[in-house]
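Colleague: The chain contents come next:
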Amino acid sequence: MLAFLMVITDEVVRDQMEQVYLTYHEILYKVSFDILKDHYEAEDMVQEAIINFSRYSEKIDDINCKKTKGLIVTIVRNLSYNAYKKQNKVIRIDHEEVATILDDEDYLVEKQLIRFERSREIAGLLSQIKESYADIISLRYYYELTTEEIATLLGMEEGNVYARLSRARTALKKVLQKEGISVE
Amino acid sequence: VLNNKSREEIDELKDLNEAFLKDIGYEHMNAVCEEADAVMEKYKDIEVPKSLDNWFYGYLEEQKKEAKRIQRKKFMKQISRRVAAVVVVLGIVMSVVTLSVDAFRVEFFNMVMETSEKFGLVFFEEKYQEQDDYVPEEWNGYYPTFLPKGYSLLEYEIGASISRLVYTNVDGDTIELLQGSMISNSQIDTENANVMDVDINGAQGILAEKDNEIIIGWSEKNSSILLFGNLDKSTLLKVAENISKNK
Numbered sequence: 001m002l003a004f005l006m007v008i009t010d011e012v013v014r015d016q017m018e019q020v021y022l023t024y025h026e027i028l029y030k031v032s033f034d035i036l037k038d039h040y041e042a043e044d045m046v047q048e049a050i051i052n053f054s055r056y057s058e059k060i061d062d063i064n065c066k067k068t069k070g071l072i073v074t075i076v077r078n079l080s081y082n083a084y085k086k087q088n089k090v091i092r093i094d095h096e097e098v099a100t101i102l103d104d105e106d107y108l109v110e111k112q113l114i115r116f117e118r119s120r121e122i123a124g125l126l127s128q129i130k131e132s133y134a135d136i137i138s139l140r141y142y143y144e145l146t147t148e149e150i151a152t153l154l155g156m157e158e159g160n161v162y163a164r165l166s167r168a169r170t171a172l173k174k175v176l177q178k179e180g181i182s183v184e
Numbered sequence: 185v186l187n188n189k190s191r192e193e194i195d196e197l198k199d200l201n202e203a204f205l206k207d208i209g210y211e212h213m214n215a216v217c218e219e220a221d222a223v224m225e226k227y228k229d230i231e232v233p234k235s236l237d238n239w240f241y242g243y244l245e246e247q248k249k250e251a252k253r254i255q256r257k258k259f260m261k262q263i264s265r266r267v268a269a270v271v272v273v274l275g276i277v278m279s280v281v282t283l284s285v286d287a288f289r290v291e292f293f294n295m296v297m298e299t300s301e302k303f304g305l306v307f308f309e310e311k312y313q314e315q316d317d318y319v320p321e322e323w324n325g326y327y328p329t330f331l332p333k334g335y336s337l338l339e340y341e342i343g344a345s346i347s348r349l350v351y352t353n354v355d356g357d358t359i360e361l362l363q364g365s366m367i368s369n370s371q372i373d374t375e376n377a378n379v380m381d382v383d384i385n386g387a388q389g390i391l392a393e394k395d396n397e398i399i400i401g402w403s404e405k406n407s408s409i410l411l412f413g414n415l416d417k418s419t420l421l422k423v424a425e426n427i428s429k430n431k
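Protein sequences appear in the order of chains A and B.
All residue numbers for the first sequence refer to my numbering, where the first residue is 1 and numbers rise by one.
All residue numbers for the second sequence refer to my numbering, where the first residue is 185 and numbers rise by one.
What the hints contain is simulated information worked out from the structure, not anything from laboratory work.
Fair warning: this is a prediction, and the values are worked out from it, not measured in the lab.
Take these hints with a grain of salt, some might be off.
[Stated by the list, open to error] Only pairs whose alpha carbons sit at most 25 Å apart, straight line, appear in this in silico DSS-like list of lysine-lysine:
1. B:Lys198 to A:Lys178
2. A:Lys69 to B:Lys198
3. B:Lys249 to A:Lys59
4. A:Lys174 to B:Lys206
5. A:Lys59 to B:Lys206
6. B:Lys261 to A:Lys37
7. B:Lys226 to A:Lys130
8. A:Lys173 to A:Lys130
9. A:Lys178 to B:Lys206
10. B:Lys226 to A:Lys67
11. B:Lys189 to A:Lys66
12. B:Lys248 to A:Lys59
13. A:Lys37 to A:Lys130
14. A:Lys37 to B:Lys228
15. B:Lys226 to A:Lys37
16. B:Lys206 to A:Lys66
17. A:Lys67 to B:Lys228
18. B:Lys394 to B:Lys422
19. A:Lys173 to B:Lys206
20. A:Lys37 to A:Lys86
21. B:Lys198 to A:Lys173
22. B:Lys198 to A:Lys174
23. A:Lys69 to B:Lys234
24. B:Lys189 to A:Lys173
25. B:Lys206 to B:Lys189
26. B:Lys234 to B:Lys248
27. A:Lys59 to B:Lys252
28. B:Lys228 to A:Lys69
29. A:Lys66 to B:Lys226
30. B:Lys189 to A:Lys69
31. B:Lys206 to A:Lys130
32. B:Lys226 to A:Lys85
33. B:Lys249 to B:Lys234
34. A:Lys66 to A:Lys130
35. A:Lys67 to B:Lys206
36. B:Lys333 to B:Lys429
[Said to hold, decoys possible] Here are some, though not all, of the chain B residues that point toward chain A, as calculated from beta-carbon distances under 10 Å:
37. Lys206
38. Ala220
39. Glu425
Glycine included, C-beta positions come from ideal geometry on N, C-alpha and C.
Please work from the sequences and hints to get the whole structure.
Modeller: Okay, structure coming up:
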């Protein structure tokens, strides 16, 4: 009985993966191509994104929802940026990269200053500083993924996930300060 | 931020900050989807290579095989555990039956003893003893050089044509050796007996088993020998094979 149920589960996961592939392979390919401008490289990135996503697929409730789409596009985009940086030997050192790491008890805003209606604008500003910062905030706090899961999906070391999260929070704090939202 | 705040206020602030970050994450996810749609529109004329489909279905097939392999491995593990359990239970049941039913128990111990006799020389040395001391001085004929442990000479008779030696143990079991020129195998009572041919040190003989008594008869040079005993077949045969002649 257990073996039978396992077969069913495996079949469900495989069917789900096929559905994911059929729904998103085109958009993944084009997003990756937009970054790398190379068909073969884009194909490789889609493959890597599908393999990484398959490890997380059990947590997906609805394949066609925007949340799933946003996640898988975020994965392929990050993989493509990493590949681009490796190809072009890009080493970017900006102020965020060398920023002091914030600890978890360092809060971004005071209760009375939180304005959720400005979230979209702030997310856009953060994305302008660095898209990967907005991505990591989204993966950690909106998708509620652990740092280990993020590392698996984006093909990174877990330590680098911690570092990027910390830098993203620092960058966000600066965005808020710039926008006149005081931070203690 | 945290100055002069209670633990509850800090927790609330933490939750609100996480909610704020979640909202930013949600908005960013929406932006990502919109950007991806824009990219789709930008590259609407580009076709996705067929090789990507080939790779995916190959990957899916590999995953299927891997899942089957893992499943088979788990199944074999479960089966081997069950087989091991059945073997253990069977072993216990057979041991209990063997040792609790009289007939099986006797058969079992006989089997163990026969096996031990066949393969255990050390055991034989313990079971047998040298009998030189128990041959009368005036004895002129064949006598057993080995007997089961505990046997001693009970009586003997030296006749003109027939001589006999009788050995006994504390249980009253006897081994009798008859020898002479006037006796022959034809004198053995084989009616309703299990009879078989035996080889006693190269000489052809017969062994008859009847009413728990065994008789072995064979010839040594000019004498015929009969050996009687109510012990087991293999032990009496061993006695027969160790017959010597003094003087």
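Colleague: Would you pick out the hints that fail for this structure and give their numbers low to high?
Modeller: 2, 6, 11, 30, 39
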